[in-house]
Amino acid sequence: MTDHLLDLENLGFERGAHILLQQALKTLDPGEELVVHGTDPALRVHVEAWCRRSGHRISQRLDPGAGEPARIVRGQADLDRWAGAQRAGGAAVEGIVSSPSADRLRTGLAARGALVEGGGPKTPFDITDRDLVWAEIAPALYAHAASAQWDPNTAVDWNADFVLPSEIEQAVVQVMTYLVENEQAALVIPAKLLARIHPHFREVLQLLAVQAADEARHMEVFTRRALLRGKEMGTSSASGRESLATLLTEAEFSMASFLLSVLGEGSFLNLLEFLDRHAPDPVTRQVTRLARRDEARHVAFGVAHLQHQAEKDPSVRSRMRAAVERRYAALVDTAGLNQDVFDSLVILAAGDWTPAAIANGYDAVQKLQSEMDDGRQRRLVHLGFPADEAADLSALHTRNFM
Amino acid sequence: MTLIMGAVAYDPKVVTIWNGFRTWLRDHDLPFDYVLYSNCERQVEDLVAGRIQAAWNSPLAWIRSQRLARSGGRAVRPLVMRDTDRDLTSVIVVRSDSAYEKPADLKDQAVGVGAVDSPQGTLIPRSFLRTAGLTPGENVTIRRYDVGVGLHGDHIGGERDAARALIAGEVEAVAVIDANHLLFGREGTFPAGSTRIIGQTAPYDHCNMTVVDGSTPELGDFWRITAVHVVRGRGGQAVAGSGGSDRLAGGA
Ligand SMILES: [Fe+2]
Ligand SMILES: [Fe+2]
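So the protein sequences, as listed, match chains A and B. Using our numbering, read the first sequence as starting at 1 and increasing by one per residue. Using our numbering, read the second sequence as starting at 403 and increasing by one per residue.
Read the hints as simulated data drawn from the structure, not as lab findings. Some clues are possibly wrong.
[As the list claims (entries may be wrong)] Residues of chain B clear of chain A, computed beta-carbon distances all greater than 12 Å:
1) 469
2) 511
3) 533
4) 581
5) 605
[To be verified] If you want a taste of the chain A side facing chain B, the calculated C-beta under 10 Å gives, among others:
6) 39
7) 40
8) 45
9) 114
10) 118
11) 256
Idealized CB from N, CA, C, for every residue including glycine.
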């Protein structure tokens, strides 16, 4: 048997000798011997202390000053350490497992597909079932969302030259104030949920994170439009906030996603389209158009997710029904949409301060509400509800839109 | 039946360490729990009195439990210990640019050591110096860097303070455990090339898990066999080294 040799020359452990030593030992089988030469005066003491820590042995103790090579018998602690390790599923989407925390390996924050050493800490992720979070469209939606991010500073022409009559400007400010309130709820809900989802479902976390970032931009651009000409925001009604509060308390991921994304943001698509159409100025048009593009993605994921759920488990539909009814019951005694917001929408659609224009505006808002209703029913049917049940459920949706 | 072990809470991380062990051992069907002591004296008393079935003992606690058990007509034995606690040495370190070549050259000089009750940082090096003809208080000054007294050296703060004092020129030599010389070099407490080793003690052992003979033999043996088997899941040599610890008793 030829000796395995390593010459460290004058390199000591104070300057990285362990790196060469570790590499040399890696190529040996447990029990094989490595002869280590070197001129660093502390080498023998350090080799011994390092070997003890690393699970190798010194075959023979040497006088530190003797100048003889150190003889290391390769141990197997490094191999033992990884003996019980397992891959946390596979890195690609096909490698997603149904319940990543089911074994006692506690993969937790480990990258999907990483070789995971056992004995890790408990993690706070309580949403750990593939069927509870996954939708096949998530990776594609995330990729699209990431590529569609826009810069609020440059995507909107904040210097556009326009002057609105003060009552129209005030209506814009009121609608923007309402939108900001809703965007804040729409940011907090995915943010709360994503902190509970097992990171194994990376694409869902990424998608929700970008969704939260979308809402952060919406908050910004709506606030900036509100304050573009004046210094004051509009009003916030207790009933509007009441409606949003019922979304915040929904603990179940799927139901929160259903109420927020399918029904709420679904209705918002119509609202933003309405504002785009009736915007009295280019800035209002741009900010609502930009937000609408993002919202379409949020709705798409919500629908795809719930569809996946309902396919796996038809009882999901009765839970959705119960969630709508529960929320309706909680809000039945509240006023619904802030009257100031409703009136502002009418004024924006009217475009003029005459009785005939106001009447037209009023009709337009009625039409908006029926379009929202149609949209909700369509999505509910898409999720497998019979048409009549879809109509019933849509009618129970909050009058606050979101 | 659960094996209940005492451990000394020398640092908040002790909770993390033993919680980790507890989770891991339970995952491997080894019922285990621990209780923490603020000092090792009470831990040893409780061990010998049978109030706990095992104790994670420092070298001093091990000797103390041997003596206490013997006086009560009983015997203690080490159940398991870690590879990393075996065959430790302490080294006498000087500044590279000093003239000292061997421990005896430190006659009439000041030597820094760790906490008063640290076997590796103080007690063993003191006896080592004595064999080199240096008697503390007579022809050599021992300067103690007391950090974490009562923890029996399970705190490297004292040794690190001593190491800094060496570099600062406050002492002419320090005694540290070999692994700490390695650590201080790698972390920069000893700048690269700034120190020289002029003496090294004979090897000694550190902590072990101690049980009292006759208390719960079947539990202890079952636990030892299984723990060794589990830790060495791939076969090979055992972690348990009951022979090693006796050397410390004799050597210290
Ligand atoms: Fe939004
Ligand atoms: Fe949204």
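Answer holds if the nearest beta-carbon of chain B is closer than 10 Å to that of residue 39 of chain A; otherwise answer violated. Violated: closest Cβ of chain B sits about 12 Å from residue 39 of chain A, beyond 10 Å.
Tell me if the interface restraint on residue 114 of chain A is satisfied: Cβ within less than 10 Å of some Cβ in chain B. For residue 114 of chain A, the interface hint is violated, since the closest Cβ of chain B sits about 19 Å away, which is over 10 Å.
Hinted contact residue 118 of chain A with chain B - closest CB pair below 10 Å:
Constraint on residue 118 of chain A satisfied, holds at 7 Å.
Determine whether the non-interface label on residue 511 of chain B survives the test: each CB of chain A must be over 12 Å from its CB.
holds (20 Å)
Is the claim that residue 533 of chain B lies outside the interface with chain A correct, judged by CB distances over 12 Å? holds (16 Å)
Is the nearest CB of chain A more than 12 Å from the CB of residue 469 of chain B?
Holds, since 28 Å exceeds 12 Å.
Does residue 256 of chain A meet its interface restraint, that is, does its C-beta lie within less than 10 Å of any C-beta in chain B? violated (32 Å)
Separation of residue 605 of chain B from chain A, once the least beta-carbon distance is taken, above 12 Å: Violated, because the least Cβ-Cβ distance between residue 605 of chain B and chain A comes to about 7 Å, which does not exceed 12 Å.
Against chain B, run the beta carbon of residue 45 of chain A and see if the smallest gap drops under 10 Å. Holds, because the Cβ-Cβ distance from residue 45 of chain A to chain B comes to roughly 5 Å (cut-off 10 Å).
Quick check on residue 40 of chain A please, does its C-beta sit within 10 Å of some C-beta on chain B?
holds (9 Å)
Can we confirm that no CB of chain A comes within 12 Å of the CB of residue 581 of chain B? Per Cβ check, residue 581 of chain B is inside 12 Å of chain A; nearest 4 Å; violated.
Hints 4, 5, 6, 9, 11 from the earlier list are contradicted by this structure; the remaining hints agree with it.
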